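Starting from the known structure of chain A, fit chain B onto it as the hints suggest.
Heads up: the protein sequence lines correspond to chains A and B, in order.
Quick note: the first sequence uses this note's numbering, first residue 1, plus one each step.
Quick note: the second sequence uses this note's numbering, first residue 1001, plus one each step.
Because the hints were derived from the structure by calculation, they are not lab data.
Being a predicted model, the structure only gives us computed values, none of them experimental.
Misleading hints may appear alongside valid ones.
Reference listing, derived: stretches of chain B covered by chain A, where coverage requires no fewer than 3 residues with Cβ under 8 Å from a Cβ of chain A [as the list claims (entries may be wrong)]:
(1) 1314-1324
(2) 1375-1385
(3) 1540-1552
Only pairs whose alpha carbons sit at most 16 Å apart, straight line, appear in this in silico EDC-like list of lysine to aspartate or glutamate [claimed, not checked]:
(4) B/Lys1396 to A/Glu598
(5) A/Lys396 to B/Glu1239
(6) A/Lys396 to B/Glu1237
(7) B/Lys1396 to A/Glu239
One-sided excerpt, in silico: chain B residues whose CB lies under 10 Å from chain A [unchecked claim]:
(8) Gln1109
(9) Asp1570
(10) Arg1591
(11) Ile1622
Each residue gets a CB set at the ideal place from its N, CA and C atoms; glycine is no exception.
There are 2 protein chains.
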Amino acid sequence: MTMSDTTAPAAPVVPTRGRLRPLGLDEVRITGGFWGDRQAINGEATLAHIESRLESEGWLPNYDLAVAGTLPEGRRGREFADSEVYKYLEALAWEISRTDAAADAPLEQRFRRVVTRVAAAQEPDGYLNTMFGRPGQAPRWSDLEWGHELYCLGHLFQAAVARHRTRPDADDGLVEVARRAAELVCREFGPAGRDAICGHAEVEVGLAELGRALDEPRFIAQAALFVERHGHGSLREIEWGQEYFQDDVPVRDAEALRGHAVRANYLASGATDVAVEGGDTALLDALRAQWDRTVERRTYVTGGQGSHHQDEAFGDDWELPPDRAYSETCAGIGSIMFSWRLLLATGEARHADLIERTLFNVVATSPASDGRGFYYANTLHQRVPGVPADPDGTSKRASSSLRAPWFEVSCCPPNVARTFASLAAYLATADDDGVQLHQYAPASVRTTLPDGRVVALDIETGYPVDGSIRVTIVDDAAFTLSLRVPAWATDAVLRVHSGDGLAEHPAAPGTVEVARAFRAGDIVELVLPLTVRATAPHPMVDAVRGSVAIERGPEVLALESVDFGSDIGDAVVAGDPVESDGRVVLPVLHRSTGDVVETPLVAYHDWARRGPSTMRVWVPTI
Amino acid sequence: MTMSDTTAPAAPVVPTRGRLRPLGLDEVRITGGFWGDRQAINGEATLAHIESRLESEGWLPNYDLAVAGTLPEGRRGREFADSEVYKYLEALAWEISRTDAAADAPLEQRFRRVVTRVAAAQEPDGYLNTMFGRPGQAPRWSDLEWGHELYCLGHLFQAAVARHRTRPDADDGLVEVARRAAELVCREFGPAGRDAICGHAEVEVGLAELGRALDEPRFIAQAALFVERHGHGSLREIEWGQEYFQDDVPVRDAEALRGHAVRANYLASGATDVAVEGGDTALLDALRAQWDRTVERRTYVTGGQGSHHQDEAFGDDWELPPDRAYSETCAGIGSIMFSWRLLLATGEARHADLIERTLFNVVATSPASDGRGFYYANTLHQRVPGVPADPDGTSKRASSSLRAPWFEVSCCPPNVARTFASLAAYLATADDDGVQLHQYAPASVRTTLPDGRVVALDIETGYPVDGSIRVTIVDDAAFTLSLRVPAWATDAVLRVHSGDGLAEHPAAPGTVEVARAFRAGDIVELVLPLTVRATAPHPMVDAVRGSVAIERGPEVLALESVDFGSDIGDAVVAGDPVESDGRVVLPVLHRSTGDVVETPLVAYHDWARRGPSTMRVWVPTI
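The shape of chain A in the complex, shown without the other chains (with noise of 0.2 Å):
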C-alpha cells in the first residue's frame, strides 16, 4: 500500500470539517468477498469493457475530431458523451490506487493516453465540450436546460480530483485542465457572470471537491452560488416542470428530494458539500430533512429511488409502484453520495444503513456477473420475461428486464466502475477518538489519528452470507472502535476478546463502541443476526398493501419464477420464510391450483442471473 504524499486521504470526498474524517484507499482496502469479487470483476472486465465502448461508440473519438477540425459533423453520442470518458477516467484513477499500479503499468498508460485525448481539446480559455461552441455547432451555454455542459464539466472536477489525491504528482495534466476548466466557469458564471444553472446538477459537488482538493475556495464559493441559483425558475419550464431540474423551489426551502432523482441527489450532494464548508447549519438542517422525508415516503425496500419512468423522476410521497419502480443505477449511486456526505457531517448511522441497503440491492444488482453488461433502471417487479440485449448494440434505457452491455444513454456503467474502484472509501472514518466502520467486508486499516496513534485493523466476515465481522487489532493503541449495527439488527450482540478474556454485550442498532487500551491480537466481532424476516410496507404504500418483502440482513430477496416453476402473479405467500441449506424457502400457494411449495428465493440482486424470468419483491399475503 503506498502512503500518497498529499495531506488530504485518497478518497473522493474530504470536507474540512464535520462529525467523521474520511478514509483513502491508502488507508482502507477490501481484500475479498462479496464487494471484492465485484472490485476484482470491475477492474478486470468492466473498464476494458467500457474504454472499448466510448471508443467504438465514438465518444472519445470526439476529442480527436475536435482536435482534427472536423466537429461537428462527425460528433457522435448524446450532449453528455463528454461526461461518460471523465467517469471512466476517475474510475481509472481509483482503480489505479486501489491495485497500486506502477507508472508504467497497463492501466496507468490507459489513464495517460485517455488524458492526452481530452486534454489536446480544451480551448485556450479552458473551455471543453465537443457538443458546443465550433463553427457549426450551438454556442456555448446556448442551451442550459439540456446541453449538460456544466455537468459534463463537474464530471471532469471529480475525475481530477481522484487523480490528484491518489497520484499527486503525477503530470499528465488532468488537474490542469480541470482547473482551467473551473476558472472558466468561475469567470462565466460567477457573481458578475451569467445568472445560470445547468439542467443537471454536478457541477456543484464536482468544483466544491475540486475546491477542497486545490485549495481553491473560489471553486466553493461557485459551487454555493450554483447551489442558491436553484429554484428560481431560471430554467425553461418544459413538460415535466421545472421540478425536473430542481428549479422550482430554493434548496433550503424544499421538504424532499423531488424531480429527476439523478439530479436531485447529485444536487444534494453539492448542497450538503457547500452547507459544510460554509458552516452553514440551516441548509444542512433542510437536508437532512429533505433526506428523511425521502427515505421515509420516496425510496423503495431496495433503497431504489425514482418512481416515474417517464421524466426517470421521485413521484409523490408513498407513490412507489414495484412494476414500474424506475430505481436507476445512477440514481442509488446519487443517493450513496448524498447519504455519504452526511454521514461524513453527522456521523449518523442511519445514514450508513441507507448506504447498506443501496448498495446490496441496486448497485450490486446493476452489473452482470461477468461485469460486461448492466441494469439501468430496477424494477422490483418484473411481469413479463425479459429479452437478452444484443450483445454488440446499444440498448434504450429501461426497456428490456435483461442486463444490457451499453445504452444511448450510458451514464451507469461507468457511474458503477468509479464506485467500485472507489468503494473502500466507504468503509471506515477516522475521528479525534478512533476508528469506526460503517460497511462490512474482509478488509484492512491503517490510519494515522491526529495525535500520533495508528490504528491498524484487519476485518475479516463473510457478510452477507455470515453475520460475523471480527475485527482484528494488529498494533498496539488505544482507541475507540466504533460499529454499525444495522437497523434491522435486532439481536445482534458484541464480543470482545482479549488479554482479559471474552466479554459479550448485546449491541442495539445505532451504533456501537469499544474504547480500550487495545492489544495486538484482541478482537472484536460482532454478531449480526442474519434472521430472514417478512417486511410488511407502510400502510400508505399503497401499491403493495396485502403483500411482503423477504429479507435477510442487508439482502432483499426476490420470488423468480425460474423457482417458482410459473407465471409469478400466481404466487401468494402461505407460511413464514425459513432458511433450508444455506437458502431461504418461502411457502408459496399456487393461486390457481391451489398447491403449496417450498420455493427458494434469490438475492435481489442475483435477479435475471439465470436467464429471463418473472420476479417480484413484494409478494401477496392476500
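For chain B alone, coordinates are given in the frame of chain A:
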C-alpha cells in the same frame, strides 16, 4: 327532425354488413337527462370555446398563413394541430344535425367559414397540411413517425363523412376537399406507391368510412393496405419500441392492444372496419380476441386505458396502477370507437357494456361543468391536491389534477365535443326484426325497418340516478325490441305494460328481447337494480390488492378529501356502502385516529368539481 336524403344513416360508422345497423342522428335524439345536459353544454359552451382557442392558438390561422404564403415562419402549434380543426368541424357537423340548424343559422355559418379557410390551403394535387411541403418546411411524408400528416387527413375524412351524412346536399366543399386528399393518399401510398404507414393510426378509420360514405371501394382498399402494413417495422425504432406505433406485430397476429393507447384503439377501429368490409373473419376474430384480453387485463374499472405516462401507453397485462393511470380521455373515446364497431359487427352486449362504463367514467369525467375545461389524463388516485389551471393559459397534458381549458397537445377537447355531438348515434341500432337499445337516456327513436315497418319509441328514464327505463311505443308495429342488461345488473326485471295487462320477467345480464305486435301506448320497462356494490379487484391486479371500488349502476364512485375531511391516504373501509338520502355513504376508518366516519362518496366523473382535492377510487380494506 329532418330526414336526410342520403340513404345511409346520419351516423359516424355505417358498415355495409354486420349484425346490427346503426341509426343516425335523424333517427335517434337524446331529449334530456344526464347525456342531454352534457350535449347542451357542449353545444352552448364547448364548441365556441374550442373555436376561440383554435383561433387564438394560431391553429386555424395556420391555414390563412398557408394561403398568404407566409409559412413556415408564422406557423404555430404541434405537428398535429390541423387535426384539431378537423375534429372541431366534425363536431360542428354533428351539432348542426343534432340541433337541426338551418342553412343560415350561426352554427352553419361557423362551419362554412372554417371550411372555406381550410379548403383554400389545399394544394392543387389534393395535399393538405400546414406543417410540411412548402419552401422552408420539411418535405411531405418525410417524417412518418412523428409528422402526423396522414393522421390529420384521417380526421379530415371523418369530418367530411359527418357532413356528407348529415347535409348531403351542402355546397360548402368539405367533402370534395376530403375526396381530393383521399385520392392523393391512394396515389402516394397505394400498392404501387410508398410502402409506408403513419406513426399515428387514424387514416385507416377515416379512409374506410369515407369510402363507405362516398361508395369508393379504393379508399377502403387503401385503409386495408395501411392496416396490413402495420407490424412490419417500417417505422424507425424509438425509445419506447415499435409497439408504440403498433408497428411491432401485424394486426392479425397481435394478442392484445399495446403501445400508445389512442393509436392502438384507432388502429383497431380501422382494422375492424376493413375486416367487416372485406368479410375477413380471421382478422375480425383476431380483433375480438384482442378486445377480450385488453378489457380483462389492461383496462381500469373506469373503462380507462393506458397505464404509462411516459409513452401514453398500455402496460403489461394486469399493470393497472390507479395513481399512475394515464387513462387519456382520447383513449377512452378510441375504446368506444373500437367497441362500437365490434358491437355493430357481432351484436354482443359486452361491447355496449364497456361503452357505457367508458362514457360515464372517462368521457363524462373530462369536461368541466361549464364545458370550458377538460381532463386530458384521468387518474384514479390523487395524493396531492391539484393546482388550478391558468384560465387563459395552455396546460401540460397531465401535469395538473384539475381540468384545464387547453393543452399544448389539445386532442381531447375536440374529441369530447365530436363524441357528445354525435352521441345519439350510439344509443340504438336496428336489424331486420326490430330495434336494439344499448345505452339508456331520455330519447326518441324513429326508424323504418327494411321491410317498411316503422318503429317509433319514446324513452323516459332518470338513469343513472334511477334504474327504471320506460320505453313507450308510439305507433302500432310488430317488431322485436331488444334491451341491454348490463353485466352488473344481476336482478334486473322487465315489465311489459300492454292491453294484455302487466307481464313481468327477470332479465338476466346480456340482452332481453320483447317480440310482439306492439300497440301505441304499450310500455316496455326495464328496471335495473342500482344497488351500490363493493367490487374486489382481480387478484392479478397487484396495485389495488386489499382494496375495493364502490360502484352504483354504471357509475364508479370515489372517496374525495372534501368529504373525508383529511388526506384520503388515511382511509380504510370499515363497513358496507349504503344509500342514504340519495347519496352513497361508506363507513370509513381514519387509520391515524381510529375514528369511523360515515363518508359520502361522489361519482368519479364529478371529482374535483368542488375544488382541489385528494381522491381515490380504490379504497383499502386492510
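Checked hints:
| no. | hint | verdict |
| --- | --- | --- |
| 1 | 1314-1324 | holds (count 9) |
| 2 | 1375-1385 | holds (count 3) |
| 3 | 1540-1552 | holds (count 7) |
| 4 | B/Lys1396 to A/Glu598 | violated (50 Å) |
| 5 | A/Lys396 to B/Glu1239 | holds (6 Å) |
| 6 | A/Lys396 to B/Glu1237 | holds (10 Å) |
| 7 | B/Lys1396 to A/Glu239 | holds (6 Å) |
| 8 | Gln1109 | violated (37 Å) |
| 9 | Asp1570 | holds (8 Å) |
| 10 | Arg1591 | holds (6 Å) |
| 11 | Ile1622 | holds (6 Å) |
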